[in-house]
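Number of protein chains: 2
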Amino acid sequence: MIGGFHGKILKVDLSTGTIKTLELSEEMAKSFVGGSGLAAALLYDILTRDLDPLSPDSPLLFITGSFTGSKVPSSSRYAICAKSPLTGLWGESTAGGHFPASLKLSGYDGILFVGRSSKPVYLFVHNGEAEIKDASDLWGLTTYETQEAIRDELGRDVKVASIGPAGENMVKFAAVINDEGKAAGRTGMGAVMGSKNLKAVAVYGNMEPPIADPKTFSELLPKAIAEIESNPTTHMSRLYGTLDYVAAGMSYGDVPTKYYQDSIFPAYKLNGKALREKYYVKPIACTGCPIACGKEIEFGKYGLEKADTLEYETAAAFGPLCGIDDLDALIYINYLCNAYGMDTISAGASVAFAMNAYEKGKLTKEKLGGLEAKWGDKDVAIELVHMIANRKSIGGILAEGTKVAASKLGIEDGEVAVVKGLEIPMHDPRAFSMQALTYATSTRGACHMRPDYFTVEIGQEIPELGIRQTDRFASNPEKVESFIKFQNVREVYDSLILCKFSANSLTTISKFYSAITGVKVEPKEFNVLGERIYNIKRSINLRLGMRKEDEKLPKIILRSIKRGGTQGNVPNIEEMLRHYYAMRKIDPVTGKPMKEKLEELGLLKQAKDLWG
Amino acid sequence: MIGGFHGKILKVDLSTGTIKTLELSEEMAKSFVGGSGLAAALLYDILTRDLDPLSPDSPLLFITGSFTGSKVPSSSRYAICAKSPLTGLWGESTAGGHFPASLKLSGYDGILFVGRSSKPVYLFVHNGEAEIKDASDLWGLTTYETQEAIRDELGRDVKVASIGPAGENMVKFAAVINDEGKAAGRTGMGAVMGSKNLKAVAVYGNMEPPIADPKTFSELLPKAIAEIESNPTTHMSRLYGTLDYVAAGMSYGDVPTKYYQDSIFPAYKLNGKALREKYYVKPIACTGCPIACGKEIEFGKYGLEKADTLEYETAAAFGPLCGIDDLDALIYINYLCNAYGMDTISAGASVAFAMNAYEKGKLTKEKLGGLEAKWGDKDVAIELVHMIANRKSIGGILAEGTKVAASKLGIEDGEVAVVKGLEIPMHDPRAFSMQALTYATSTRGACHMRPDYFTVEIGQEIPELGIRQTDRFASNPEKVESFIKFQNVREVYDSLILCKFSANSLTTISKFYSAITGVKVEPKEFNVLGERIYNIKRSINLRLGMRKEDEKLPKIILRSIKRGGTQGNVPNIEEMLRHYYAMRKIDPVTGKPMKEKLEELGLLKQAKDLWG
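Read top to bottom, the protein sequences are chains P and G.
For the first sequence, the residue numbers in UniProt numbering are 1 to 612.
For the second sequence, the residue numbers in UniProt numbering are 1 to 612.
One should not assume that every hint holds.
Which copy? The list can't say, so a pair holds if one copy fits it or any two copies do.
[As the list claims (entries may be wrong)] Only pairs whose alpha carbons sit at most 25 Å apart, straight line, appear in this in silico DMTMM-like list of lysine to aspartate or glutamate: (1) K282 / E227; (2) K562 / D471; (3) K592 / D50; (4) K585 / D45; (5) K11 / E26; (6) K552 / E412; (7) K282 / E229; (8) K562 / E575; (9) K562 / D262; (10) K562 / E481; (11) K223 / E296; (12) K555 / D471; (13) K562 / E574; (14) K269 / E481; (15) K8 / E23.
Calculated directly from the structure, the hints in this document are not laboratory data.
The shape of chain P in the complex, shown without the other chains (with noise of 0.2 Å):
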């Protein structure tokens, strides 16, 4: 086995309580490099049309990569997938924290559950052990009762990922979380754990796996580390962490307003300088992160003394999305996401769809179990979360995603503002055109990270590959080719996994997988890695019925606005797809990867399932 990996894969099944081994093969760890681009090779075969995603044949992954575990910055994250009941495509989500580095050390490179227990449970694995234990207690509890909870059973090294309420509820965006509020939130996860009467993963150890090269590897470390001192991100992140980008992204027009049809809001209210100037604000880092962007908050409202730190996607989300601007009120309902276990994109997406439906006369007071859903009020927002959780009057509609909602109430497709069944995030594809082709082409639905191209357009650029910022409204196709390169290296950054506020550059990076793995790489290399991974995905969306049709963007989010940072710019989507498939090669058709393409990547079986 190469460097980074234990070669070990737990199974649990949960419907027989059995636990084996499954060993991971150097080939499959070499080709498609770890995290969620092994789990996608490891889940292929499984997953299939007619799979229900929250039925026991259902296979849940918690997966790690070659770095997770190790002392590479920014590095301890772990990926869930899973077939997404949310979207009836490819699932993933990942987060950071202590967790991911705990799994690993734990003497698994990753846990796959299937079957469904017959009571609530929770596993801990610990130094090679596992254990399926009795979690009847535990069920109801918020994700951070229930960590406390196991840690003050287990010890306090241990570490917890969990699902609250709304996973048990399987409302379809629910979302696992562990240590101070991390979220892996997309795709509905934590609705797998919950169809799997499976409440918690609790991880504990300090078996690292070999390092490769281990005396190049603690040569570059202090390297890695000053590289990052010296990146000017990084203090702005230790400092105010992502909500930093409220005032810059309004200054772009990126932070979708009031069910992205406005784009001018208080961004005042709701930046990091806010948050610093009301509150005493804590820097938090995941293990091993130099950078430290999480934040704790001493807070002392609604009932809480401390509360997580609030994301910029979370503050937009729930804020300007919403037309709300309260900063507590924030704050608040993103503790309540996070107790609940929802993912506060597509959770804050669905109030915001609300409001807009009942603004518009479309979603009645009756309706909505009572509520007055208008722009901006915090009290109905913090009603609605309440209610999508526990799936009541309104909620029980909502939980379901608002693609399902939109049908169920009459609201046509275009004034729905997902992509493949997934709520689209706070970048506004009309302030960076290239984030329309994300959005539209991402192997998880509307995911801003899978690339997050709006990064290269306000010049964190990609100087080993050539990706660099120009023209933030173009989409030519010199870009198209430069976006192609980021998302397959974006796809390599959730397979090491490293986080994608990682502030060393590639070349680092590929130093460091070299030395863990003991496969030497040059940075151009990842782009192919990347390549392979993006079409294994790309083959298990198409393979569950994924569309060419469905790579488009709904017209909510094509509309001009007026007024703003975009000046009233539209992305043209449809240019930009045609040179996204010829440049891919994918048929425009199908939307299938060519044949030859497949081949060519070493993904043999995908290009005969595809293609005959």
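Based on the hints, put chain G in the right spot on chain P.
Relative to chain P, chain G alone:
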């Protein structure tokens, strides 16, 4: 006298060689704050329409404020004020470094020069003593050489501000340079020095002016420094300096390219990161400044061992504006401009103007002294810098400023990027609409800092005055109201004198002011103080012949740019001016501040002079 002042202005008659001390009245220091505000009040009577700025009668004032020479962070700045030979209107320019603090500690609040020496001289002021010294041997030297020669003679503790050959040759945008290439760049103050045969001013001393409330001051200082450290722009500035703005600037469409006709260029070749990757960069701080945004580079090219920092304005003026993307060449050009003593904004705009004229067939190779002034030709740019500084060939015409040059070359007014005779700096009003109002109404022509409203649009707000970020393309009355307050406050900055990159809040600054001077002010009062200063400077300009019609932008910067971050926006300058005149109580026909407004501000003489 209030604290922060010696109460003494040195008056040097260079024609007669007499030196005397003028008393500074407490009333004047209170009413006009100090710095350029005080200068306007002191020079008001002398600056007449008939005065030739380069005649012996023309006064030249080096001035400091109550903050200068104190421990207030970012306060080692001075201003030079005179009638501008470039614009014929109010001229002022400020610079940082060590010279300003030393000027104050030399025992005087300022130095007023009149007359003209029959031979080259320089002034040495040290601890209350002043002497005129022969500069015959220094004439013809670069500013770097002049500084070294004087410090070699008088001691390394002596700080020097001098002109170079450009000032001697009375290039209309000649600068005064002190310390490490710190430039009092704009409006041609170097030409005024040259016209007086005044090569340099050397200062030294340890005479601190009194502080009214030293205890409060001492308590405030560490808090102010903590405030600076908690401001993330501090770290950005420390790492990259102003060059950091290149990437963000392009994403906003804010970096004028090819003589204000485009906005896309390879930003990555010119930004702060590129500089740090190519060279060893040492931070350089002005006296007492914890930010240290200045840089010194180990260069080793073009015959130089080291070079001064490349500021954003310089990089943009000679870079994108001329279509040049060679970082080394830009560093060398910056060195040349500093050595010759020329404003890099006006010089860069002049070179771009010539290239644009050449490319459009309006300036031939012959007229250009054999140069083919194509976009992007760095050698042409270098040659033109030499030619302008030495007034050779086309350089003699360009040395008059682009307004005069255009008139001589038969290029129509609207195609020259100047306002009131001053070349437009490197922030595009199509990217930030209010910047159009800045250029139209600044007290010194197209100045980007009075106010730098684009900083508000990207989130650097002044909450104390309700100055908040909104839509950067908007130009509604609320924004104009906010703009006027910010313009007033920036006038106060130039009067304290405080660097506009100060990372302290207005509240902290007002506390400093109260502690130093003993005059209690609240942040809001800065608005009124600034209003008075703005209006006296405006009154001077009106007396000097400024007409309401001069407050307009040239066509070339009001044409929609079809690509890049402005997304085609064109600011509605007429609308903004209409609101502006109404809110400032300016007569929209004559451009004169209404009599009642002037009287309300205590500007009784100005009221009488303008209205009879």
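For which of the previously enumerated hints does the structure constitute a violation, in increasing order of number? No hint contradicted; all consistent.
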